[in-house]
Amino acid sequence: MRLQEMSWPAVASASKDVPVVVPIAAVEQHGHHLPVFTDSMLLGEVVRRADEALRDRVIWAPLLWLGNSHHHLDFAGTLSAAPRVYLDLLGDLVDNLVGHGFRRVVLLNGHGGNIVPAQQAVFEARQRYRKQDDLLLLAATYWLLGGKPRQVDPTIEQDRMGHACEWETSMILHLAPGLVGDLSRVEPVPLDAAFEPASRGWITQERSVAGHIGDPRHATAEKGQTLFRIFSQDVVTFLERVIDWDGRSWDG
Numbered sequence: 018m019r020l021q022e023m024s025w026p027a028v029a030s031a032s033k034d035v036p037v038v039v040p041i042a043a044v045e046q047h048g049h050h051l052p053v054f055t056d057s058m059l060l061g062e063v064v065r066r067a068d069e070a071l072r073d074r075v076i077w078a079p080l081l082w083l084g085n086s087h088h089h090l091d092f093a094g095t096l097s098a099a100p101r102v103y104l105d106l107l108g109d110l111v112d113n114l115v116g117h118g119f120r121r122v123v124l125l126n127g128h129g130g131n132i133v134p135a136q137q138a139v140f141e142a143r144q145r146y147r148k149q150d151d152l153l154l155l156a157a158t159y160w161l162l163g164g165k166p167r168q169v170d171p172t173i174e175q176d177r178m179g180h181a182c183e184w185e186t187s188m189i190l191h192l193a194p195g196l197v198g199d200l201s202r203v204e205p206v207p208l209d210a211a212f213e214p215a216s217r218g219w220i221t222q223e224r225s226v227a228g229h230i231g232d233p234r235h236a237t238a239e240k241g242q243t244l245f246r247i248f249s250q251d252v253v254t255f256l257e258r259v260i261d262w263d264g265r266s267w268d269g
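Those letters in the sequence shown? Residues 18 to 269, by the numbering used here.
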């Protein structure tokens with residue numbers, strides 16, 4: 018079910034144990050070879066595939082294209098909400114849905130910069146509703162739900178998500194190949210972040226002059242199809258756990 022296609026009485030009469038999933042993504046630079054709408058396009062396709070599998074067992078909110086992308090603002094085309102503004106925006110969305118009576122709310126993320134705000138938003142919301150013991154508030158990122166692409170296809174070089182990298186470029190090659198620029202002119206940028214395992218504050222321009230992180234030259238449309246299949250199935254499996262939650266226990 019898609020929230021935007023429902024009337025308000027239909028929303029009001031829906032079971033409040035049906036999970037409401039809010040897809041959150043971004044509009045931001047993706048190097049010289051991918052469109053600025055990449056994250057939103059990829060998450061939109063993951064959602065489309067998951068919706069086909071789950072049908073009427075989940076309510077999908079419209080995809081939120083505005084993300085926390087301030088680290089990309091040195092590159093033209095990036096549109097971003099400041100971190101604290103974005104945190105408040107996500108918190109308000111959770112409050113809206115809880116206020117309408119829904120008890121299972123999932124922020125399904127498709128952009129790295131949204132990970133920390135989404136986690137903080139559901140944490141803070143749980144404190145606001147601490148006396149309500151039947152709430153399940155979750156933040157999840159689609160490529161971090163357990164899939165191991167390299168184990169499925171050994172030709173995939175990358176072992177984690179980068180930015181405008183082999184994974185994202187492969188998925189856009191599968192989804193909209195005409196939007197992918199010349200990969201022969203792209204130079205690889207290491208995925209490793211400095212000072213790991215600490216988390217360093219950074220801006221993209223410090224790591225990559227061109228804007229990408231990873232090696233997009235290994236991308237193929239076939240790999241993109243594999244990645245979509247893995248990630249969308251991960252989302253389905255995760256949401257089935259949310260659907261099956263008994264409404265009280267710590268671990269569903």
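Keep in mind that the hints were calculated from the coordinates and are not lab data. From the three backbone atoms N, C-alpha and C, an ideal C-beta is built for every residue, glycine too. Be aware that one or more of the hints could be misleading.
Distance ranges between label pairs, derived from CB positions [what the hints assert, rightly or not]:
| hint | residue 1 | residue 2 | range |
| --- | --- | --- | --- |
| 1 | ASP209 | ASP73 | 22 to 32 Å |
| 2 | ARG258 | ASP109 | 23 to 33 Å |
| 3 | ARG74 | ASP112 | 20 to 30 Å |
Going through the hints against the structure:
{"no.": "1", "hint": "ASP209 <-> ASP73: 22 to 32 Å", "in the structure": "violated (43 Å)"}
{"no.": "2", "hint": "ARG258 <-> ASP109: 23 to 33 Å", "in the structure": "holds (26 Å)"}
{"no.": "3", "hint": "ARG74 <-> ASP112: 20 to 30 Å", "in the structure": "holds (24 Å)"}
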